[in-house]
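A.B. asks: From first to last, the protein sequence lines are chains A and B. All residue numbers for the first sequence refer to my numbering, where the first residue is 1 and numbers rise by one. All residue numbers for the second sequence refer to my numbering, where the first residue is 1 and numbers rise by one.
Treat the hints as calculated values from the structure; they're not laboratory data. The beta-carbon is built from N, C-alpha and C at its ideal position, and this holds for glycine as well. A portion of the hints provided could be inaccurate.
Unchecked claim - With the C-beta cut set under 10 Å, the calculated list includes, among others, these residues of chain A facing chain B: (1) Y29; (2) V52; (3) I208; (4) D211; (5) I282; (6) G327.
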Amino acid sequence: MAETIASTLTRKDFQTDQEVRWCPGCGDYAILAAVQGVFPELGIPRERFVVVSGIGCSSRFPYYMNTYGFHSIHGRAPAVATGLKITRPDLEVWIATGDGDALSIGGNHLIHTLRRNVGVKILMFNNRIYGLTKGQYSPTSEVGKKTKSTPFGSIDYPFNALSVAIGAGATFVARSIDVYQKHLKETLRAAASHRGTAFVEIYQNCNIFNDKAFAPMTEKETKEEAVVELVHGQPLVFGKAKDKGIRLAGTELEILRFDDPGGGYSAADCLVWDETRVNPAIAFMIAQMGPPHFPTPIGVLRRVDLPTFEAGVVSQIEREKERKGEGSLEQLLRSGDVWTVHADGSVS
Amino acid sequence: MTLPIVEDASRPAREVAHERLDDVVIRFAGDSGDGMQLAGSQFTNTSALLGNDLATFPDFPAEIRAPQGTLAGVSAFQVRIADFDIHTPGDAPDVLVAMNPAALKVNLRDLKAGGALIVNLDEFDERNLKKAGFAANPLEDGSLDGFQLFKVELTTLTRRALDGSGLDAKAQDRSKNLFALGMAYWLFSRPLEKTVAWLEKKFAARPEIADANVRVLRAGFNYCDITELFHTRYEVEPAKLPAGVYRNITGNTALALGFIAASRKCGLPLFQGAYPITPASDLLHELAMYKSFGVTTFQAEDEIAAVCSAIGASFGGALAITSSSGPGIALKAEGMNLAVMVELPLVVVDVQRGGPSTGLPTKTEQADLLQVMFGRNSESPIPVLAASSPADCFARAVEACRIAVRHMTPVVLLSDGYIANGSEPWRLPEIAELPDFAPEFRTRAEGFLPYERDPVTLARPWAIPGTPGLEHRIGGIEKADGTGNISYDPVNHERMVRLRAEKVARVADEIPDIVVHGEPEGKLLVLGWGSTEGAITGATNVARREGLKVSRAHLHHLNPFPKNLGDVLARFETVLLPEMNLGQLALLLRARYLKNIVSYTKVEGKPFYRFEVLAKIREVAGAAGN
């Protein structure tokens, strides 16, 4: 990890003079606030941050961050970021992307970035809708979604972003929610400290085209029943009264009700969360949880330490320099069979 | 020249005539598994070291191993060696080695009348004849009477040479290309040492294979020496090339070396984003070997990621390139346009092949010119260069990088399958003579505007992440002049469109004039671009010897054009333009200079032959009253 400095930076240092142009009430404001809150804490000089994005509402993010920024093209942010990170491992490269950008048009780049374990942080704002193009269904929209492009309801099954990431071999996979400021910032800090690819799905409300998509998880009355927070080393317990838990029974997850007469269950019977499990199977099962039968998991699903792609690239170059010496251009041009034509026309 | 000792030393030397040739074309043709590319390139390397000028043309199918013995599976390697300065791998072979009936069928039409035809008799059985579509055996039906036919039991002789080697028949047969090569070495008086040394090195880990191959090579040579098959040996003296150190080089290797040289001359680490595609992959293979030069090669998940990763690397301050062929360039278009908008240096190599779509992956064409000029949305000016020969690829790579870095722009460098895989001797340049073009990264924070412009080139500053005080945002949305902020202002947009166009137009201030060879004005100018230079040069040389008044000129810069091009075109009554497309450059020239162009086109997936261009010159010159 590159050197850090004692942090003298504040949130203000990461704000730009650009007018923020998201719709009033958009969840993106909360995410921007969280990122601008966490960056100054990381002890990294501002000029070493680069925020790269694709296309979509979320991808306007770099304009509002007073760091280096690159608003690239639809779906390609991971590719741009990969080229930057492997040639400049000293930089902190963050990607802001959305569900359409990352999982539809940019799906290929996303999965390959994850499998390579490039040391970039990917913040995927998931609002389950296309906002910038004014309201078509997205690859995370639920089946039957009625939108301008699907007036009779969408037919295709959605992606589960966490499952995609885990399936692609991501070494850090987490989920948070725009209005969960504290949790979101904790998740961002965890992502920042991960050396490989960190994939963070952030549920984000689009109050114009898909309002209240995550309402059960964000409304005061329902959220504690609708969400289970994964805490490393803690049993999976949820509910307003902390009276429910999740257990692994054979090859299935099941909900335990502690007040179930005759059950006698307690937190001690629940699955103790370990985000560092190398085998991704349980993380995958947890990722699949959600309504109507299960609460939605938030927190870190997977965090395993593997060497990064850029470290491998750099070490190969260093090894070759060591083995062969710094390349000489003269020698390179003369490599292979050469012959000399002399001024008198003779050849040797 | 010392010849290897013939094993049977007691045998009296037989009478063999020696004849000197100034120029000879040999084609090795066989099944794609027969090792014809190897035989051809070994013959080439040995001839290069003898000081011949040479040019090669490998021609192979897209299929890795098409069904054995079929027409689709025929692979060929043509090499021309000469004692003078040549420009093409030759029109018609003087010697054709055909390892099976299919190779004969595909290649016979090119063999010069009266040319030598060496066939592997063992392969001419009923089954193979049928596969090649011969109704009757051409070796027996008199259809080859116009050629000198040499029937050799190549497979049998190879196996006999390897008797007791312990190798099975299949392994033995793999060496039969070396029997053919040995024969060619005898016929053209070449030494075996070079190939022997190469085999010993290549199979160092498997000495029994090295030994078998060397035995077969010698057996082929000795077979010619002992038998009465040939009565004449030919010699080709060294060419009188300018003094210097030479090596034989293909276009793709020359590109790789050019990019490494460029990286050194601008002091930036080289980054290549690429996705495998014929015929550009060798550039990735070559550069991947040179990590000790600080080269990063990134085999991306697709063509789009290849160009986008290069743009990311360029943002970070690397010398970034991406390479592909036409179909891949189509996928890169959006990324190239991003590079136009964010005004970052990037070199996009297009090693053209036959199209459209997948087209002819292993065959050559020059039909991507309009694609790279215009194949992007909106007004998207990009400088375009084209390499004209395998060796020229080196200088063009350096030049493309220089323009990209100095003018802060993506640059397209066109090559094609013909010069990418073809080879010729290359006189090594003096490193010191190559231009230095280290960029000045912006570091001063005071007054920094991401889109302020250099008054001479109109280039914007290159301010790389990590520089304190220069934090800024770039992207594909239209920029406000100067600040680079998002701007939808109509007047600003028009100004930016014109600025980007003018920036590229100003590249012309720093490129050389086009040079006319021959009279600077007159009746007929043959203009070319890219890999047609060899055929055009050869043809105009012959035409001038015939007394025709014809000049020639060759374009390396296709956007912007050299400043004097309009004047040059105006000075000739007729401009003849051979192109391997349906007249793409002709279209551009007519539009730009309102000059009529006689467009001469060929899209067979093969380069122009010299005789074709010559015939056209005679026709046009005749019509022009030349």
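A.B. asks: Classify the hint on D211(A) as holds or violated, based on whether any CB of chain B lies nearer than 10 Å to its CB.
C.D. replies: violated, 27 Å
A.B. asks: Any CB of chain B closer than 10 Å to the CB of G327(A)?
C.D. replies: Result: holds, 4 Å to nearest chain B Cβ.
A.B. asks: Given I282(A) as an interface hint, is the shortest Cβ-Cβ distance to chain B below 10 Å?
C.D. replies: Where the cut-off is 10 Å and the nearest Cβ of chain B is about 28 Å from I282(A), the hint is violated.
A.B. asks: Under the criterion of a CB-CB separation shorter than 10 Å, is I208(A) in contact with chain B as hinted?
C.D. replies: violated, 20 Å
A.B. asks: Next item in the hint list is Y29(A). Is there a CB on chain B closer than 10 Å to its CB?
C.D. replies: Y29(A) check fails; min Cβ-Cβ to chain B is 18 Å, beyond 10 Å.
A.B. asks: Please verify that hint: V52(A), Cβ, nearest Cβ of chain B, below 10 Å or not.
C.D. replies: Since the shortest Cβ distance to chain B is 7 Å, the answer is holds.
Figure legend: structure checked against the earlier numbered hints; hints not met, in rising order: 1, 3, 4 and 5.
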